[in-house]
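**Q** Protein chains in written order, with the working numbering: chain A, 1 to 275; chain B, 276 to 623; chain C, 624 to 1206.
Bear in mind the hints are in silico, worked out from the structure with no lab data behind them.
Glycine included, each C-beta is placed from N, C-alpha and C at the ideal position.
Treat the hints with care, since some could be wrong.
[Claimed, not checked] Pair by pair, the computed Cβ-Cβ distance ranges are:
id	chain 1	residue 1	chain 2	residue 2	range
1	B	E306	C	P1084	24 to 34 angstroms
2	A	A37	B	N389	15 to 25 angstroms
3	C	G855	A	M219	48 to 58 angstroms
4	C	K977	B	D383	44 to 54 angstroms
5	B	H567	C	E708	51 to 61 angstroms
6	C	Q812	B	H567	49 to 59 angstroms
7	A	Y20	C	K1145	25 to 35 angstroms
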Amino acid sequence: MSNIYLPNLARIIKIQDETYDTKTFEFEFADPKVKQAFKFRSGQFLEISALGVGEAPFGLASNPNRPETFRVTLRAVGAVTWALHQKKIGDLVGIRGPFGNGFPFDEYKGKNIIFVGGGIGLPPLRSLIEPMLDARSAFKDFLILYGARTPADQVYQDRLKEWEKMSEIRFGMTVDVGDANWKGNVGVVTTLFPKCNLIVENTVVFVCGPPIMIRFAIMELSKLGFKPENIVSTLERYMKCGVGKCGHCAIGHKYVCVDGPVFNYKEIGKLPEKS
Amino acid sequence: MDRYILRKEDVNRWVEALARTQEVLAPTRVEKEIFFAPTQMAVDLNLLSGTATLPYLPAKDLVLPHSENLFHFTRKGGDYELTVPEEKKTAVVLGIRSCDTSGIYWLDKFYQENFSDCYYWRRRNNLILVTMACNQPVKNCFCVCCEGGPFLDSERDEFDIQLVDLQDSYLVECKSSKGKALIEANPKLFAKADPSAVKTREALEEKSRNSFQPDPTSYMSTAIRRITSNAVTPETWTELGEKCFDCGGCAFVCPCCSCFGVGYLNEGEKGCHYRFWDSCDYSGFTREVSGHNPRGEKGERFKRRFFHKLSYQYLKRDGRIGCVGCGRCITACPGEVGMPTVVERLRK
Amino acid sequence: MIKNTPTICSFCSCGCGMFVRTQDGEARGVIPSTTHPVSQGRLCHRGWNRFQNLRSVNRLVKPLVREGEGMKETGWNEALKLSGEKIKDLIGRHGPESIGVIGSPWLSNEDNYLVSLLARQVIGTKNLDGSYRFGAAAALSALNQLFGEGIGAVGSIPALKESPAVLVVGRDAHRDFSPVGSRVVQAFQQGAQIILADASAAKADHFYKTLIPVPADRLPAALAAKRDIPLGVLDLLGKPGAGLVFVADQLGPSASALALINYLIERRASAKDLPNLLALSRSPNLRGAWDLGIRPPAGGLNLEEMLAPESKVKGLLVFAEDLSVHLPKAALLEKLKKLDFVLWAGRFKNDTAKLAHVVLPLPLFAESEGTLTSCEGRIQLSRPALSPRGESRGLSEVLPELAQALGKSLPGGPAAAIRKEIGKAVPGYEKITGPEVESEAGALLAPPRLASAPPKSAVLPVLESADKFLLLIPNTLYAWERNRMIAESPVLYIEYQAERPALKMNLQDAKDFKFRPGEKAKIRSERGELQVALQADEGVPRRTLVLSSHFLNLVESVAGKGEIDPVTRSVYFPSLLVTVEKA
């Protein structure tokens, strides 16, 4: 029986500063056998530990088609993330996972795709965007909308520039508050909706970001006619074990770490507690 | 299923034979409390009788202890070495009550669904449970309302061995192959049971069931129905929650509670990750690092715990309700708001 | 094989009986004792998680001495030799009164006894005190005024269940001490009248029939004026067995404490039946430390006076108290940092250890034997379940060696030998020497005897505020060593969230003022003014503000220097009327 609580060690091979408090870490498993066997689905998460300090769940943010290395983006908000932010290239961390249901990739084929990401909500969505771009022809219209508080709060700035230039997808960016150099849209991400011709029929919308942004986005999408079962998000909860045993992430009779974190809004509506 | 008679005067010889190849844990008094302790030959027969004397902790303590180390780590240069502590002892648990056995089976189901928990299973697989049926309930017992006892059902339930107290002897009901192996440790002590012994056993179970409340089956079902359909008002949950002291005791003593937290120790060159019993009654149980707490209100936490124990949604998932009627929550609760009090309040 | 050691929880003054469960030299869990008179099979969330701080790795394990800006590990002999030299040097140059000694309600009776002897006999200083100077000293002084030096067994937790009426001062006195709260609930279920006096609770739980929304320091005046209480209920407080439950750490100045306790004593219908007085504390041995003399004899300085800028104290020996974290005035911390010599003996690494010149590691309760006196006056034995961590040693070994280094002697030996000394020397503690102390229910102190003429005291009037707000400054300075225990437990660390420096205001009041979350308010009293962020809280009553006293600078801005309690000779901050406006 495998030990679900024993982490595998992975080395940090790259650190990218995204914003003043957010970094992207790229990892590679230390054990070549583990590295070889590692596979994950979009939307799954890892339990990453700074040994002796703590362990926390982080959504995978890289392309599952290239699992030899993997990335997560994390903001320093507590003891674990702070300890991880102190680490350097070559340092080891503990990795358990991948856990969670992930996005059912094949179900989205043949549909129009819309991504609505806010701030640090973009990383888990990116684990779905990238493989979809690898298989671009399987999807119809493809729109990515990204909003951040200010230009300095944007993550993946290099990749955003690339998406802006891609001819095979549509892309919109906005910030709540601009700066001297910002020439793009100013306003919350929902202000992009009327400007970007959202197709309602046969479309699935992925929304991820701060709770307030999600709430307003869902409101506007509903007004436009999107049905709850076609709006998909990742639920946030305090998680500890990641394997549906410790009980912390349970909502109603669902465990976010096992039955989620990916849920559509029809399922979320049926949960007995507010999320 | 095989049925035997074991005379009480032969019990210690049986234990002696078993103790040659494994540990025998039997209920023992330590400073007035009852613990399961290793016994080599002298079992306290008062604690192995038909009267429902319960240890303070349920048998879950044997498979899911209050705290256990998950792994130790040592730093070696730029590398870490992780070691998992060993757990290899096999043991016979002699004299576990029906409610506690039912609780173990609830935990079995939970600890193998989705992902199998190897820390739980390496203890569990090494245990053989010899259940002691209760001819006589004690003050806080209500197992009969929860299908947790007072006897295990010989037809429907899976078990290793069930003992029934026949005064000078025990009826030994042996179901699993593990149970059979225990009989084989000293087969001369076991005589085949005659039909009259079986009749006595049935009469004893009937008598035991009748010494509980007059209307057991509807006791829980009204509460289950109301919780499942979300028909209990938030004010009721707030009122019940006001009595709760957030001590966590009910979750710790409950045979069907299994939530845990994880602690991290870091001593420079070495350290340890360990897990420990946690309680969903604690205010920080669902608090996220941002400070947002989906169950910040006491009433909501209280509602959550009983939803997990009694709702149909969980019953379907787990195969039985999350309560075996052992009554330990009544003992452990400073606010006097254990399961029967809550169920009665929900029935109003 | 799990070992189950019967002992006392020692997280607070209730003194619950429990078993600490250990295996392979590690603490693995706890269970309550079902037959112990206080715990009766129940514990609170601190008790249930007691084993976690026994696993803490943040412990002091070797003696340390200051070297430059940092600390260096050293052996016991060097540490004690150095301490002896420093103390002798100060005594030689400035006299014995230049040394102050601080004992602790977080030490056993045996340890506190030796600390007291160290101060009075070995060093010859009268400057001896405990951390409770800023909190429980007021209530304890009141109890001394009423019952003499040997306060005795003034309360009983089990008997609270049979009370006809219980006056609970502060909701915490019920909620935070679950054996007491449990008996209050049971009393209610048997028909008792439960009265809650609390100005910071917007509403009382359903079993408090009467709520007196007045803070503890003004409660005697409210009771005397019979405000908010039905008459019949007041009469019940005079019946035999009536209970008064309060948190001694936070009761306000000694005059109010005296008037409050005296209120029930005076009203008693039967002369021989004293009310059930439960002076609760968040420390496990408040009574023991106080009864065994950890307070200044006549002519000595108390803790606040020792740390006053102009005091003659130049060296401080601090035993098991994290002083630097909670002092009521910023100036006191400044003085602590400037002392010529600080000895700190304790269990965990903390800020006071960083200021010290010599640090000595002590064992935790579950690592050594010692007795504790509970709030009831029950002396109970805390037994070791583990060996002392690292090189930590108990004070019963360390202090006699320190005395030797000073050319004197102190009784040493096993805890039982020190108990014999205590039994001879401390009034009311005769039973500490006998076998009863080792029994499950411990040994009760002698029954209390009322002093012939309990003194009257002037009380603070109730504040009427037509258009002003009542600012409550709850005394949160009690929490010193306890906060460390909480921080060292993964569960409790999450349960006790650190408070941001902010003023709490009723949610509706905040809306009426149109305050946004975190916006600053300006509050003004006749003693000063303050601009501080607001935190809306629906648990706070209308027209009431709450500012915890450990937000030192904030409190001093609006409440000025506070008042001096003439009995305890320490500062306290009474509740005030303030105006509120947007900043």
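**Q** I'd like to know which numbered hints this structure contradicts. Please list them from smallest to largest.
**A** Numbers 1 and 6 - these are the hints that the structure violates, sorted from lowest upward.
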